[in-house]
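J.: Sequence:
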Amino acid sequence: MNNLKEKALSYHEHPQPGKIAVVPTKPYSCPGDLSLAYSPGVAYPCLAIKDNPTAVRRYTGRSNLVAVISNGTAVLGLGNIGPLAAKPVMEGKALLFKIYAGLDAYDIELDAADPEAFIAAVKAMTPTFGGINLEDIKAPECFEIERRLREECDIPVMHDDQHGTAIISAAALLNALTIQGKNIGEVKLVVNGAGAAAIACTRLYMALGVKHDNIVMCDSKGVIRADRDGLSGAKKEFATTRDLHTLADALVGADVFLGLSVANVMSPEMLLSMAPKPIVFALANPDPEIDHDLALATRDDLIFATGRSDFSNQINNVLGFPYIFRGALDCDASEINEDMKLAAARAVAALAHEPATESLRRLYPDKSLEFGPKYILPKPFDKRLLPRVSRAVAEAAATSGVARHPLADLNAYERYLSTLIDRENRYMSELMLNEGSECPVKK
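Numbering (this note's numbering), first residue to last: 17 to 459.
What the hints contain is simulated information worked out from the structure, not anything from laboratory work.
Incorrect hints may have been included.
To be verified - In the EDC-like style, the derived pairs of lysine to aspartate or glutamate whose C-alpha atoms are separated by at most 16 Å in a straight line are:
{"no.": "1", "residue 1": "LYS251", "residue 2": "ASP229"}
{"no.": "2", "residue 1": "LYS395", "residue 2": "ASP382"}
{"no.": "3", "residue 1": "LYS35", "residue 2": "GLU107"}
{"no.": "4", "residue 1": "LYS395", "residue 2": "ASP326"}
All chains, full assembly: derive it from the sequences and hints.
T.: So this is what it looks like as structure tokens:
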């Protein structure tokens, strides 16, 4: 652990502090370049945008720019550590947007624990960005913050802790149900945890077909019952009147367990009480609700997933958010709606059915990459995620009526995305070697 700490601190400090930087996208090597980049040439795109605001897509980087915004009130497994301490995480998220989807991203840490102050600050920045990725904001404030911003902003807004986890775990659920031979409309679901991610996951599972009457949700006090005083609005939505009081009660005969809570709350006895061919998503980090090896030793008919990269079936948000924003921004979507989330989940799920590429097999030589109980989701380095998921999202945006510039040729768009990251990498290499285009003044 100390070695990991030392490596991580050194990684973040050297050769320069932080993980992201501003990189120019135009030539800048002579006075002629600068006269186009700034004064006097910059006046022309300014005036073009003044006359036609949609021209901002042509003349600026707004449509390729995402804000990663947090107030640091619920950072990873670290809790309310504040906006300053949250910055390494937000920089990391910005890095992932770039390397996986070619999207530029700025991290913005707001000293704004009050929801109204946070909402006002984010709304004031929307002219700068094509999309807003909310991150690490504690519940229940995050629900109202996201709802308000989605309603009051004209660009895509998504709280990834809620919806990213929901989308990827929904993809995993679809594939796990296929393997286990279970009908989504009949399965009994137990959710342990009632925070932002748990609520969003449960709602998306219902959109896929899980029946409300087949859901039991638990929190630190046990089963969320309708007769409990002081329930929040989100908890009331999933309160039950059944004679169930503990997690152990709820798990008897359950088909699916979703854990977004704390380590080691599920015992082997609870796992044994579940229905045949159970599905367990134990997503508490860093330690799941039941130990990976213990769970698999307890039941050999189990499909088991965690949030950890060192086990099979990692439920990882990076399978979704870069590509969801890529698709949303490329068609100028006004929001990320339910249809787009479902399309993303189905696209991620479908990719796991396909044979792994040779490059993936080289990266994961000791892993099973055949669709089955230990491979229900594609790997983060699967380059097919970008074209497949982004296309599905853009198509869903168009069919649901929120794409302001629907893509005319989705096949061409998918082909373009298939080569995007390789071109981005070559471009970055050229910049690092200080190789620019010829100065137009010298032609």
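J.: Now tell me if each hint is right for this structure.
T.: These are the hints, each one checked on the structure:
Restraint check for LYS251 and ASP229: satisfied, since their Cα atoms lie roughly 15 Å apart, inside the 16 Å limit. Among the hinted pairs, LYS395 with ASP382 is consistent with the structure: their alpha-carbon atoms are about 13 Å apart, no more than 16 Å. For the hint linking LYS35 to GLU107, the alpha-carbon distance of about 6 Å falls within 16 Å, and the restraint holds. Distance check on the hinted pair: LYS395 and ASP326 sit about 12 Å apart at the alpha-carbon level, within 16 Å; holds.
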